[in-house]
Amino acid sequence: MNGGQDLGGVMGFGPVIDEPNEPWFHERWETRVLGLTLAMGALGLWNIDKGRHARENRPPSQYLNWSYYRIWLAGLEDLLNQNNLLDKAANATSRNLKPLVADKVAATLARGGPSNRTAQAPARYKVGDSITTNNEHREHHTRLPRYLRGQTGEIVIVHGAHVFPDCSAHDKGENPQWLYTVRFKATDLWGQDKNPNDHVHADLWEPYFV
Amino acid sequence: MTNHPHDHTHPHSHDHEEGSALSDTVLRVRALETLLTEKGYVDPAALDELIDTYEHKVGPRNGAAVVAKAWADADYRKRLISDATAAIAELDFTGRQGEHMIAVENTDEIHNMVVCTLCSCYPWPVLGLPPVWYKSPPYRSRVVIDPRGVLADFGVTVPESKEVRVWDSTAEVRYLVIPQRPDGTDGWSQEQLAELVTRNSMIGTGLALNPDEVNT
Numbered sequence: 000m001n002g003g004q005d006l007g008g009v010m011g012f013g014p015v016i017d018e019p020n021e022p023w024f025h026e027r028w029e030t031r032v033l034g035l036t037l038a039m040g041a042l043g044l045w046n047i048d049k050g051r052h053a054r055e056n057r058p059p060s061q062y063l064n065w066s067y068y069r070i071w072l073a074g075l076e077d078l079l080n081q082n083n084l085l086d087k088a089a090n091a092t093s094r095n096l097k098p099l100v101a102d103k104v105a106a107t108l109a110r111g112g113p114s115n116r117t118a119q120a121p122a123r124y125k126v127g128d129s130i131t132t133n134n135e136h137r138e139h140h141t142r143l144p145r146y147l148r149g150q151t152g153e154i155v156i157v158h159g160a161h162v163f164p165d166c167s168a169h170d171k172g173e174n175p176q177w178l179y180t181v182r183f184k185a186t187d188l189w190g191q192d193k194n195p196n197d198h199v200h201a202d203l204w205e206p207y208f209v
Numbered sequence: 000m001t002n003h004p005h006d007h008t009h010p011h012s013h014d015h016e017e018g019s020a021l022s023d024t025v026l027r028v029r030a031l032e033t034l035l036t037e038k039g040y041v042d043p044a045a046l047d048e049l050i051d052t053y054e055h056k057v058g059p060r061n062g063a064a065v066v067a068k069a070w071a072d073a074d075y076r077k078r079l080i081s082d083a084t085a086a087i088a089e090l091d092f093t094g095r096q097g098e099h100m101i102a103v104e105n106t107d108e109i110h111n112m113v114v115c116t117l118c119s120c121y122p123w124p125v126l127g128l129p130p131v132w133y134k135s136p137p138y139r140s141r142v143v144i145d146p147r148g149v150l151a152d153f154g155v156t157v158p159e160s161k162e163v164r165v166w167d168s169t170a171e172v173r174y175l176v177i178p179q180r181p182d183g184t185d186g187w188s189q190e191q192l193a194e195l196v197t198r199n200s201m202i203g204t205g206l207a208l209n210p211d212e213v214n215t
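Read top to bottom, the protein sequences are chains A and B.
The numbers in the first sequence follow numbering that gives the first Met the number 0, run straight up by one, and end at 209.
The numbers in the second sequence follow numbering that gives the first Met the number 0, run straight up by one, and end at 215.
Just to be clear, a hint being listed does not mean it is correct.
What the hints assert, rightly or not - Computed list of lysine-lysine pairs in DSSO-like fashion (alpha-carbon distance at most 27 Å, straight line):
hint, chain 1, residue 1, chain 2, residue 2
1, B, K56, B, K68
2, B, K161, A, K103
3, A, K184, B, K134
4, B, K68, A, K125
5, B, K38, A, K97
6, A, K193, B, K38
7, A, K97, A, K87
8, A, K97, A, K184
9, B, K77, B, K161
10, A, K87, B, K38
11, B, K56, A, K103
12, B, K161, A, K184
13, A, K193, B, K161
14, B, K56, B, K134
15, A, K97, B, K56
16, A, K184, A, K125
17, B, K68, B, K161
Because the hints were derived from the structure by calculation, they are not lab data.
Predicted, not measured: the structure shown is a model, and the values here were computed from it.
Construct all of the structure, not just a fragment, from the sequences and the given hints.
Structure representation (structure tokens):
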């Protein structure tokens, strides 16, 4: 979706300010939001793409005004409501859910959630091939940023097949698709006054190509 | 657009109000935690363990150890470039938000920078949680269109003749920049070298420190 999260190339936000000796969290409630999001995610009721979409699927004014963990809180609340987990009668027993326990935390985090999958078909592209991205403006979750739509680039890495977020975020299965790193010239993306030496690389799935 | 657009029909959307002790957000989080715990979805001890992990156990010292080992050990450097996930796992840094790692090396010809323009993707096992600037609109919007301007914000100048290569983490692949090894560090131990490796140098908004910038 063309939402507030799709920020590449947007102007007017001012300089990047690096806070010296920045703490991991600025408020204690932020630690609870991180922990609750990870603990609830571990129940397996939603995947990372649904989680991202829940955070991003809101008015751009909200997305841009709110602090990072305030957005996470809103995303978590939406996921809880979508799954009716806050209904009066709902609880872990009635839903047959096993909460993440403390002595499983380290192993769960160390395992993570790899997104590579067995390919459904051979890769259509190899390193060195030229591709052009499509210029379709979908309302659903997608990981093709606006600034990379309708652009031509070169395949530089073939990653194998990975879960396709455009489907995975919307209960349409993992639908694994070939994932590539594509190299774009800064001058192609942003105009001839850019440095001809500079490039942007992005990881894009095969369905994003024309 | 202004730098801080305010929606005055929703007074609680203001960042600064989140800082007050009993703000709407604080109360909301407290109520949610109580509810989720009472319903049995969240084990309070697990919650504490999750927070402790990212507040105290994981951070850029992990990545610094990887970089220092690559600087000191040519075979390790080769393994890191060819299969970063496996090479980083040799040091026991694995898992969430580091499942598929790529190491990109700065050279005399290339300066690498990492961003996630769409959200905040960042290699947690080697760098910990991202700093606020990495997650915020000024960096995410500008580094792809004006990387050299962003570098200037960090006090870094890269020669015009050198390629600036920005990696937008749009999938589940996570990138670690291997900064250039500073001169004057021949014969240094990996522990000494790691002291030169800053978080920002592994994102690409900084360079590794010079020997005269640390007390070793």
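Structure versus earlier hints, numbers of those that do not hold, lowest first:
2, 4, 6 and 8
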